[in-house]
Each structure stands twice: as structure tokens, then as C-alpha cells.
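J.: Build the full structure now, drawing on both the sequences and the hints.
Residues per chain are reported as follows:
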Amino acid sequence: MSKEPVAVVGIGQTKHVAARHDVSIAGLVREAAVRALQDARLGWPDIDAVVIGKAPDFFEGVMMPELYLADALGAVGKPMLRVHTAGSVGGSTALVAANLVAARVHRTVLTLAFEKQSESNAMWGLSLPIPFQQPLLAGAGGFFAPHIRAYMRRTGAPDTVGSLVAYKDRRNALKNPYAHLHEHDITLEKVQSSPMLWDPVRYSETCPSSDGACAMILTDRGGAGRSPHPPAWVHGGAMRSEPTLFAGKDFVSPQAGKDCAADVYRQAGIADPRREIDAVEMYVPFSWYEPMWLENLGFAAEGEGWKLTESGVTELDGDLPVNPSGGVLSTNPIGASGMIRFAEAALQVRGQAGEHQVDGARTALGHAYGGGAQFFSMWLVGSEPPTS
Amino acid sequence: MSSAPAPEALSAPLTVEFPFTRSLGPVQSAFLTGLRERVPLGVRTSDGRVLVPPVEYDPVTAEEIGELVEVAPTGTVTTWAWNPAPRRDQPLSTPFAWVLVRLDGADTALLHALDAPGPEAVHTGMRVRIRWAAERGGAITDIACFEPDDGPDDGPEGRQDDGRDSSAQAAEARPHDGRFADLVTGIVAPARLDYRYSPGRAQTRYLAALAEHKTVGERCPSCRKVYVPPRGACPTCGVATAEQVEVGPRGTVTTYCVVNIKAKNLDIEVPYVYAHIALDGADLALHARIGGIPYDQVRMGLRVEPVWAEGGRYPDHYRPADEPDADYDAYKELL
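Protein chains in written order, with this note's numbering: chain A, 1 to 388; chain B, 1 to 335.
Don't read these hints as lab results, they were simulated from the structure. Treat the numbers as computed from the prediction; the structure is a model and nothing was measured. All clues given are correct.
Coverage of chain A stretches by chain B, computed from C-beta distances (three or more under 8 Å per stretch; other residues unrestricted):
#1 109 to 122
#2 135 to 145
#3 150 to 164
#4 199 to 209
#5 240 to 247
Positions of the beta carbon are idealized from the N, C-alpha and C atoms, including for glycine.
T.: Below is the structure:
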């Protein structure tokens with residue numbers, strides 16, 4: 001028996017900001033869930049199951065928050081699942097929900113991811129003072145910066161490429177009402193003169209810390225038929241993982257990322273991602289990860305990713321727009337960031353991305369990664385239902 | 001090299017402690033401000049039940065609810081458990097009962113502590129009342145605890161045939177607008193977890209060797225890669241590693257960054273260089289600080305050696321070794 005086709009018929013986000021002091025965690029997730037239901041014109045009784053994701057419990061210090069959030073998400077009396085795969089969790093949460101529909105376990109599933117970073121301390125949550133171990137000596141960006149230097153050395157990329165990505169993403173965010181950072185006076189010069197925090201990473205090339213939630217309603221073919229708006233159809237989805245540290249680990253282009261992308265393209269029948277995919281929402285927490293992931297995901301040959309960025313291909317009006325929403329560089333409620341990538345890809349193929357719509361987008365990739373480049377999750381969505 | 005006799009495995013306390021903040025949202029904000037003002041509040045659901053403590057969303061219909069009601073400071077114990085040995089930060093320092101109390105006017109019960117001389121003085125159905133804390137700031141601890149009340153008992157079931165508490169019948173919940181001067185909108189919730197951490201045999205052996213200023217990794221019998229620090233198993237092949245291999249002491253800077261912002265709890269002057277160092281003979285890089293050279297002269301391929309500080313468990317930092325830089329090809333797989 002073939003899989004049930006899966007459609008995205010509802011999408012809801014909160015306006016992402018530095019701190020939502022006006023709502024509890026329950027109030028925050030509720031806002032996104034209600035918007036997704038409204039988009040799908042569905043009510044709580046229409047939802048068969050809830051799949052929720054967030055980053056480690058230590059971030060907000062609420063152990064198993066899904067238990068307390070069941071009321072807010074209408075999950076009482078229904079199956080509720082929690083997914084956790086570090087920073088990629090928003091993506092893998094959506095994929096678990098999609099698989100429940102594809103396997104015909106449930107017909108309509110609410111999936112949601114969130115983080116309330118203002119009430120958490122991510123750095124603390126991730127670097128507990130483990131006895132006998134040497135503490136990380138560099139802070140958050142210090143973990144990533146050496147990998148970026150390795151990329152620059154390996155490819156000979158000019159050191160301005162990172163600032164081009166940040167300048168593009170922050171301008172794209174101005175067209176996205178839900179994005180956290182709206183830097184109306186952004187200029188390339190400002191990015192390039194911002195403080196060098198972890199050389200080669202500048203302040204303006206790092207992601208913010210946000211409060212936010214993102215929700216989607218996934219449903220089967222029958223549900224898609226009742227959708228008031230055009231659905232986005234899932235054409236492929238995959239997850240891969242590998243250890244954070246092992247002999248032979250390639251932090252610049254992790255094998256698990258390549259394998260994950262290859263699996264998604266195989267499912268979706270994509271032979272040439274550069275030509276066949278119209279828009280990409282990829283997880284870029286530091287600007288240089290755009291050219292790195294362009295190579296890892298097969299959009300450019302090894303060593304060539306930065307050339308796409310430099311030549312403007314990844315701009316909103318370019319040939320392969322990357323992060324039209326402004327991306328993680330403009331909005332980062334950690335646990336939700338992956339789901340926002342997936343949801344923004346779906347918005348593009350539904351033609352509902354508003355001012356940051358990529359003209360004629362019919363196929364879009366959503367990408368998330370997390371841990372020390374340890375977990376990868378991706379999906380490919382299209383405006384037409386899958387043919388097989 | 002031959003394996004040394006296994007030292008006794010290490011173990012140490014690990015205390016995780018953090019003051020989390022919470023934004024309350026409208027319902028919890030009213031509830032906790034009410035406690036500060038000695039006004040116990042609940043919320044009415046769409047089917048008319050009164051929930052204390054209140055929630056923001058109806059557990060049955062999922063509707064948003066916000067109709068606040070005031071309930072009585074007296075109530076009935078619906079069940080309990082004796083706590084003979086109170087721990088740090090529990091509501092009372094002497095033995096007490098954990099109780100679920102249904103306040104008069106409410107349909108659900110609240111968890112709290114009951115001050116009672118012993119378990120023989122506690123029973124389901126007993127009447128209790130709130131003992132308010134002398135100093136209140138808008139927290140569940142504004143209720144210091146519950147104490148026995150003089151009213152008549154509700155009996156072991158706590159309910160009569162009409163399904164209502166006998167004593168509660170007179171105390172219907174009264175509407176409350178939830179308005180107070182100076183609403184509490186957020187709280188700080190200190191969290192503390194006490195663990196005992198054992199790093200395991202492989203790391204214990206590694207640390208024992210480091211105490212003699214030697215870096216000893218372990219070789220995977222399958223892929224032959226040398227892991228530093230050793231983990232007792234190869235993460236790629238999934239097999240135990242036993243063969244010990246001394247590596248270093250010198251190594252090569254494979255990549256690095258210059259840290260320009262001071263990290264919390266780190267007493268290192270910025271800027272400094274944080275580097276990945278492949279020790280000679282190791283098959284993956286470890287992370288350390290580079291010193292003894294201006295930060296802007298550090299480069300990929302720089303050859304370095306460890307510098308030990310008195311009493312340090314790890315090298316304090318690495319400094320340039322007096323030899324030419326390594327070829328990129330020699331370390332490009334070890335970034």
C-alpha cells in the first residue's frame with residue numbers, strides 16, 4: 001500500500017520578538033496554534049493528534065513542558081508526542097507529524113515548536129559545569145567560528161561573503177512581518193563594521209535570541225480537498241544523525257547532511273536541486289553557513305557555494321532565493337527555528353509568503369540542523385500533489 | 001604502550017542551579033497577585049466548574065477561559081501523604097503532610113503542605129484553612145501552608161449525595177474582576193538539581209595520565225583511529241577501545257577563532273585564540289587556548305606544545321613550538 005500524500009493546510013507563527021513578557025509559555029504556543037487553525041479554517045475537534053517540539057528542557061527549566069501545554073493545544077483526550085533533536089527539532093517534529101499522516105495513523109495533525117529564550121539561558125543550558133571536563137573556552141559563536149575559518153581556507157572564499165549573507169537576510173526580514181529583527185537602516189557597511197566577536201564572525205553575522213512559536217496543520221488527501229487555501233504537498237522528508245565528534249567528522253560539510261538531502265531528493269525525484277528547486281529555507285545561525293550548506297545540500301559543487309552567494313543567486317530576486325523570510329539570522333526561537341524553515345518553505349509553494357514571496361515558487365526545501373552538526377532534518381514541498 | 005593498572009573510577013557532585021524567570025500571562029498573574037492580597041482565585045470553565053489553581057485553557061473544550069472567581073480560604077483535604085523528612089526548600093522544615101485541598105467553592109484541589117503534629121492527625125475529609133505567609137510577594141509560597149480548621153468534618157469521602165461539599169455549599173465562588181493594584185506579571189523560579197557524576201573508566205585513565213603530563217588516547221581496533229580524549233568506545237565502529245596510545249605532546253593548530261568578547265565565568269583576558277589542535281598521533285582535534293604569541297599571529301598549521309600551570313588538570317594553554325608550520329595537506333582532515 002502506498003503512503004498517504006501529506007498536505008500542509010494551516011500555518012501560524014507568533015510575531016517573533018526578544019521577549020514576550022505578556023504571555024506564558026502556554027499563551028505563546030496557543031497563539032501560533034490558533035493562527036494555524038484559522039488558516040486551515042479548522043477547530044480543535046478536527047485535530048486528531050498533537051506533535052510538539054522544543055530544544056532542551058534546561059533552556060526554560062520546565063521539565064516535559066508538553067504535559068502542561070496539553071490544555072493550551074487542545075490535546076486532552078488525544079495522542080500528544082514530544083520530539084527532541086536539539087536545534088533541528090522544529091524540522092524533525094514536523095516530519096514525525098507528517099509520517100503519522102503518511103502512515104494513515106491520523107488524518108489531521110497539529111504540529112508545533114517553540115522557544116521562549118527570554119525565560120531561558122541557552123548558553124547555560126548547553127554548558128553545564130561537568131566535573132573533570134575542560135570547559136568550552138569560547139562561548140556560543142566560538143564553537144562555530146573555527147569551522148567557518150576551515151571553510152574559508154578550504155574554498156578560498158573572500159572574507160566578505162559572510163557579510164553579504166547577513167545583509168541579504170536582514171533585508172529579507174523587513175518583508176516578513178513575523179521576523180524578529182527589523183533593521184530598517186541596515187547597510188552592507190554597517191554589517192561589515194559591526195564588532196568582530198569571534199573572528200571571523202561579526203556581531204551582525206550572528207542570529208538573535210527570540211521568543212516565538214510556529215505551528216502547522218498537516219492532513220491527508222481528503223483534508224487537503226477541504227482546505228480553503230492551496231495546500232503545500234510534502235514530496236520528501238528525511239532525518240539523519242551522526243556523532244558531534246568523531247575521527248573523520250567533516251564539520252564544514254557533514255556526511256549526515258549530504259545523506260539527508262540525497263534521501264529527500266530521491267523521494268521527490270529531484271535530479272538537479274539547483275535547477276529544480278525554486279526557494280530554500282535553510283538553517284543559517286551564522287552567515288557563513290549559507291555557502292557551506294549550499295554545498296552540503298548539493299546546490300553547488302564543493303568549494304563553489306560562496307560563488308552563488310557572491311553573485312546574488314541567493315537574493316530574493318535571484319535564481320535560487322535562500323531564506324526569503326530572513327532566516328535564522330533574523331529570527332531564532334531555537335526550538336521553533338527548524339519548523340519556521342519548514343513552514344516558510346510551505347508558504348512559498350502555497351503562494352502565501354506575502355512581500356517575501358518568491359515569484360512562481362512551485363518547489364521549496366526546508367532544512368534544519370542542530371547539536372554540533374549532529375542532527376539534520378529536511379523536507380521538500382511542492383504546489384502540486386506527489387504523483388507517486 | 002602497555003595499559004596501566006586501572007585507577008579507581010572518579011566521581012564528583014554536580015549541582016545544576018539556575019534562577020529561571022516566568023512570564024505569567026493574565027490568569028496566573030491574577031492568581032498570584034490574589035495570593036499576595038490574601039484573595040484565593042479560581043477560574044470558571046465553560047461547563048461551570050471552578051478550577052483552583054486556575055488554568056488559561058479549558059481542559060475539556062480547549063477554549064480560552066478567563067472568568068475569575070474568588071473562593072474561600074478554607075477547604076477539605078481530598079487526599080494526603082505524610083512527609084517524615086522534609087528536604088531543603090520544602091514549605092516546612094518539620095515533618096508535615098502533602099495534601100490536596102479543595103478550597104470551598106472550587107471543584108478541583110490544590111497541592112500544598114499541611115502543618116500537623118503527626119500522620120494520626122491527618123485524614124481525608126478533614127477541614128483545613130490557609131495560613132498566609134507574613135511576607136507575600138505573589139507566589140504560591142504566599143500560602144505558608146495549610147492548618148487544621150475547627151469546622152465540622154466532611155467525613156472520609158468529603159462529599160455528600162448531591163456531589164457538593166457539605167461545608168462548601170455555603171461558600172459558592174464569587175465573581176472577581178482579577179484587578180489589583182500592581183499586578184505580579186512574572187516570577188523567578190529558582191531550580192536546583194543535585195547529581196553525582198562519574199566520568200567512567202576511559203576518562204579516569206585519561207585524567208590519571210594527564211596528571212603525569214602525558215596525553216593518552218585509545219585506538220579503535222577496527223578503524224585504527226586514535227581517540228583523544230578516549231571514550232572507551234569508537235563512535236563510528238561501535239566497538240570498545242582498549243589499546244592505549246600516548247600522543248603529542250606537540251600538535252598542530254588546524255583551525256581557530258579569535259575571541260573578542262568575554263565569556264561569563266571565564267577569567268581570560270580578551271582577545272585570545274581558541275583553537276582546534278591535532279596532537280601528533282591523534283585522529284581528531286581537541287580544543288584549547290593558544291598563548292605565548294600575539295593573537296593576530298596565530299595561523300592554521302602553527303606547531304604548538306602544552307604549557308602546564310601548577311595544579312592544573314589540563315594544560316593551561318598551548319604555545320608555539322620552535323619548528324616550521326605544518327603543511328595544510330598534513331592536517332586538512334583534522335579540522
